[in-house]
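J.: Listed below, chain by chain, are the residues.
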Amino acid sequence: MPEPILTIRDLTVEFDTEDGVVHAVTGVGYDLHPGEVLGVVGESGCGKSVSMLSVLGLIPMPPGRIVSGEAVFRGEDLLKLPDSRLRKIRGGPMAMIFQDPLTSLNPVLTIGDQISEAIEVHHPDSSDAAARKRTVELLQLVGVPSAEQRSHQYPHEFSGGMRQRAMIAMAIANDPSVLVADEPTTALDVTIQAQIIEVLKAAQRETQAAIVLITHDLGLIAELADRVVVMYAGKVVEIGDVFAIFDSPRHPYTAGLLRSLARLDADVDRLEPIAGQPPSLITPPPGCAFHPRCALSQGRATCRTGVPELRALGPEGGHRSACHFAEELTAAGQPVGGPS
Amino acid sequence: MSDDRSSAARDLTARASAAESGSQDVSLAYESGVEVKARSQWAYVRMRFLRHRLAVASLVVLVLIGLVGVFAPQLAPYGYDEQNLDLGIQSPTLEGWHLFGTDQLGRDYLSRVMYGIRTSLWVAFFVAFLSTAIGTTVGALAGYYGGHVDNVLMRLTDLMLTLPGLAVLLTASVFLGSGDPLKIGLILAFLFWTAVARIVRGLFLSLREREFVEAAKAAGASDLRIIVRHMLPNCLGPIIVNTTLVVAAAILVEAALSFLGFGIQPPNAALGKLISDGQGEGFGLWWLVTFPGLLIVLIALCVNFVGDGLRDAFDPTQRRVRA
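Chains as they are written, first to last, in this note's numbering: chain E, 15 to 354; chain R, 16 to 338.
So here's chain R without its partners, still in its complex pose (with noise of 0.2 Å):
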């Protein structure tokens, strides 16, 4: 039996390989000893973000600027609330290295817009992140199991959508009580899982009428396996562009609410916080509300032109790249 099979088997691989080397030329190759490079999803996307000059370029600014936020401890030449009281007041000078300027309290600024990256950007990526989790979730089960379940929770984003927004975070952040960063974030992340609610929901829709998704239930997957193996890693690229677009705007709303005050509180600091704190003295002290704004605007912008490197690199339609 065992022997008839075997026999069978490389009669088979034979018949293949000679009806296939005629036309193919991936067996060619084969006999021919050549390798040949089994090229991933992966591979495509990354060749062709790198291909993507401007989002590179983001990418290293960003990263760049991420480690600064992760090693400020190590960097900063002060503490973040370190004062100096004989040094109030001083624009940009090597002095002491406040590249900055100081406070009216002497606080090194430089130190402080190092840590308010921290503070920002941990805010940022920890919304970026639970809001998609939250958001994942919700549509890929509207969308794979649609009908009532579909229904409800489509309902639920809508209000979500309609609520203002900055009502329900100031709101929220008085009931909440503001100042610690996990707070906001909770906050934000709440307020920010609609859009790939509805993205995620919308490719489920078409996913789950596809065939493979069938051939799979026939193999006897679960409903969980079909969603996490099978369909979502045919989500992940619309998915990730739109985590970094979340990231860019919780940067910007998390400012925003810093500066209104009801964000992070002193002595922590943040960069919306740091323009608010700058704000108060006038133009005079110019330097208090510039070097934050331009690292706000640098990363938001930054993280813009990743995702559209990513969105491009997603694209299959992009499909350039000689193999």
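Excised from the complex, chain E in its bound form (with noise of 0.2 Å):
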């Protein structure tokens, strides 16, 4: 396996609110490998856009505050990055594209304007006509039609498929080696939703970006990502091979969400909803925070005291999962002789 591009560690964050102090993201680490596409998925709220959002310095400082952890890109810890230098990454090697592309994008200034100025940020002695004529060519490789005139267009001039587009080509525009996708796809309808994936094909054949791809949708997941990383309540409870996740989950939550989507391989009657409610961040659940709605664990002390740690399975380790009990769960994701 190749060096990883991006190393987080021990990712620790915090919010402070006037309810108490927030865990949005406590004690995460992943790797991300050159060329790949990771996944995050889990439920709202549970740290997933919170993590890569302070690995590039975006999360507002006060009330957030990062508590421990290093992301290594490059050889260089961002987190220890001063400001000046962080920028000069973001944009540039590390691109983001953020999920409702109606409000990324600045009303009072042209789609062209927009990626031209992303390009000028980062070369800064490039010309403007230089600069207009990349921004075409993105353009057209989002596959923007007309893309000359449509350059001079306002983002209220552009529908909402057409304006991810244009976020991506900005995204893009510095050839970035990682691009961090946050809900791509969420802000748009189903039939737009399919053209943006194959964009976002079109984006990593282009520039052979690794792509985190933040989601909740694991339709998504499954078309794009080759290794998935599950989050609850603020932690890493899997991660694994796409194939691995989807056809034996060796996390009661995973495994949990997978009887929750509607599947057209499997012959199923009914769709299990996740019981209870997501917990707290403020006051998590001693121990392993799922076990509250957890059938692995009815009445096992282990789950209520005990923190479980992410752990391999199986010799490789490329699937590893932070249940104490991963070996009950069948390759089909259910627990041996449990409640179904």
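These are computed hints drawn from the structure, not numbers from a lab.
Misleading hints may appear alongside valid ones.
Stated by the list, open to error - Output of the computed footprint for chain E on chain R, the stretches with three or more beta carbons under 8 Å from beta carbons of chain E:
id	segment
1	142–156
2	235–249
Stated by the list, open to error - Just the calculated beta-carbon pair ranges, DEER-fashion:
id	chain 1	residue 1	chain 2	residue 2	range
3	R	E224	E	S82	23 to 29 Å
4	R	G162	E	A326	42 to 48 Å
5	E	R314	R	S221	47 to 53 Å
6	R	E224	E	L278	40 to 46 Å
7	R	S221	E	A276	56 to 62 Å
8	R	V183	E	D97	38 to 44 Å
Unchecked claim - Among the chain E residues that face chain R by a calculated CB cut under 10 Å, a handful are:
id	residue
9	H47
10	L72
11	G106
12	M108
Predicted model, so just to flag it, every value in this text is computed and none were measured.
Glycine included, each C-beta is placed from N, C-alpha and C at the ideal position.
From these two lone chains plus the hints, build me the complex, please.
T.: This is the structure we're talking about:
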């Protein structure tokens, strides 16, 4: 396996609020390998976006606070870099695609101006004409028709799908080696989602970038991701190859997510939601954060007291789970002998 | 590789236009070769402003008055301090083109009013420009950085607002020495920047939370670039409207200062000063007070109407203009 391009270790991020300290991200760690698509899934508020935003220095501080951890990118710990240095990385070698393309584009600047700006920020000596030319090329690449004319239009003159294409063009403007896509299709309707997935694939072919795909859409993960990180209550609960995760989840939360999903390849009468509510991140449950909702933990003291470590399953160590009883899940993700 | 790439791009373009042509008028128009005009925000603003007849009329009047001021040396029939004791105290007459009459020293009041417009407008625009620059900077920094920066700058602004304006003006003009339009302008600008600072701060506080600002940060833009290129253009409407109001206010305050004898000093002519000169002569010489007074009212009124028109034009909820 090649050297990871981005290594996150023991990342802990907290937010001070009026109700107390929110433990948004606790001890998160994962590797990103060059050219791969890493899916990060989890419920709203599980810390999947916050972990990447804090790596890029984009969380507001205060109230946010990075308590510990490191994020090594090209030999540098991003969390310790001064902002001036981090700015050169943001939008250059590490770029970001946001969720809502309408609010993420400046309403008073033309699309072309905004993409050219992304180029000029990182290449101060490039000429306007060169930036313009590159802008049109980028718009063509992401499939905006009549790119030349449309680059002179304003965001309100673009449809939702076209705006998201423009956002992707902006993100790949400087040939990033890491592309963070934060819910890139959530704000779009289903047919446009499918187009944007194609654009993302094309963007990856073009830049050879590794993509961190943050989403709660398991379908999108199945479509695009090579490996998957599953997060729950600010922690990584399972990491593995996309096939391993979908075929034999080794954490009851992952298994529950998959059972709540309509699938074409399985004959299921009823979809099962995961019972209960996501835990409070101000006072997380003791032990394993998932235990109040977990079928495996019924009556087991270990789950209530012991915080499970993320541990490797199997000899090659690619599939890891943070469950005390990961071995009790069958290949289909059903607990052995437990309630269905 | 490059072949592969461009074919992928073509493929996507084709698919996108196929998907859009069904529902989107824009691409339909493109395909049929009809020119679709990209209408910028400014085009909409201009269109809405032009519908506001009173504002357009006011702007025309204001431009005419402004031209008279700018070209006063060329237009005025006499010099502003040219005396002719033989022709003292004449009521408005066509004879010798003393349309606004003359004063005791035989100075032509039409010429003096023209030069007065020149001085008063210069001071007003100088004040508007400088106070807007100061206020925008203060408000932008306070709103963007928040926290301690915001606290310090806004308490300073509050302090300025609590100062009794006229008393400060009078004191300052005594200490700095009055009479020079530049000094009067500096003093007025020093007092007038607070309103725009508060407006800009408020706008920045809400703009700061907008996602396109975060997106700009994620694209590697510096604080300065975000403030100047991404946030300020979103505040231009309110800033411009406020600037017009400052122009009107500055004209009135400068007139008041001159009237009290603390503003522009003779032989320079300013509209307020002309009124105070004429006022000493009582109602007999009514023309000495009336014409400069009317012009002050006319200018202030026109500026306010233009400001009104601009405010409506910048209001995005008034998007009644057909494309």
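J.: Please go over all the hints and tell whether each is borne out by the structure.
T.: Checked hints:
A stretch counts as covered by a chain when three or more of its residues have a beta carbon under 8 Å from one of that chain; for the segment 142–156 of chain R and chain E the count is 0, and the coverage is violated. Restraint check on the segment 235–249 of chain R versus chain E: 8 residues with Cβ-Cβ distances below 8 Å, three needed, restraint holds. A beta carbon spacing of about 28 Å between E224(R) and S82(E) agrees with the range 23 to 29 Å that was offered as a hint. As the Cβ distance of G162(R) to A326(E) is approximately 45 Å, the hint placing it in 42 to 48 Å holds.
For the pair R314(E) and S221(R), the beta carbons lie near 50 Å from each other, so the given range of 47 to 53 Å is met. For the hinted restraint 40 to 46 Å between E224(R) and L278(E), the CB-CB distance of approximately 41 Å keeps it satisfied. Against the hinted window of 56 to 62 Å, the Cβ-Cβ separation of S221(R) and A276(E) comes to about 41 Å, which falls outside the hint. At roughly 40 Å, the beta carbons of V183(R) and D97(E) sit within the given window of 38 to 44 Å.
For the restraint placing H47(E) at the interface with chain R, the shortest Cβ-Cβ distance is roughly 21 Å, beyond the 10 Å limit, so the hint is violated. The closest approach between the C-beta of L72(E) and any C-beta of chain R is roughly 6 Å, which is under the 10 Å cut-off, so the hint is satisfied. The beta carbon of G106(E) comes within 6 Å of a beta carbon in chain R, closer than 10 Å, and the hint placing it at the interface holds. Look at M108(E): its Cβ gets to within about 9 Å of chain R, closer than 10 Å, so that hint holds up.
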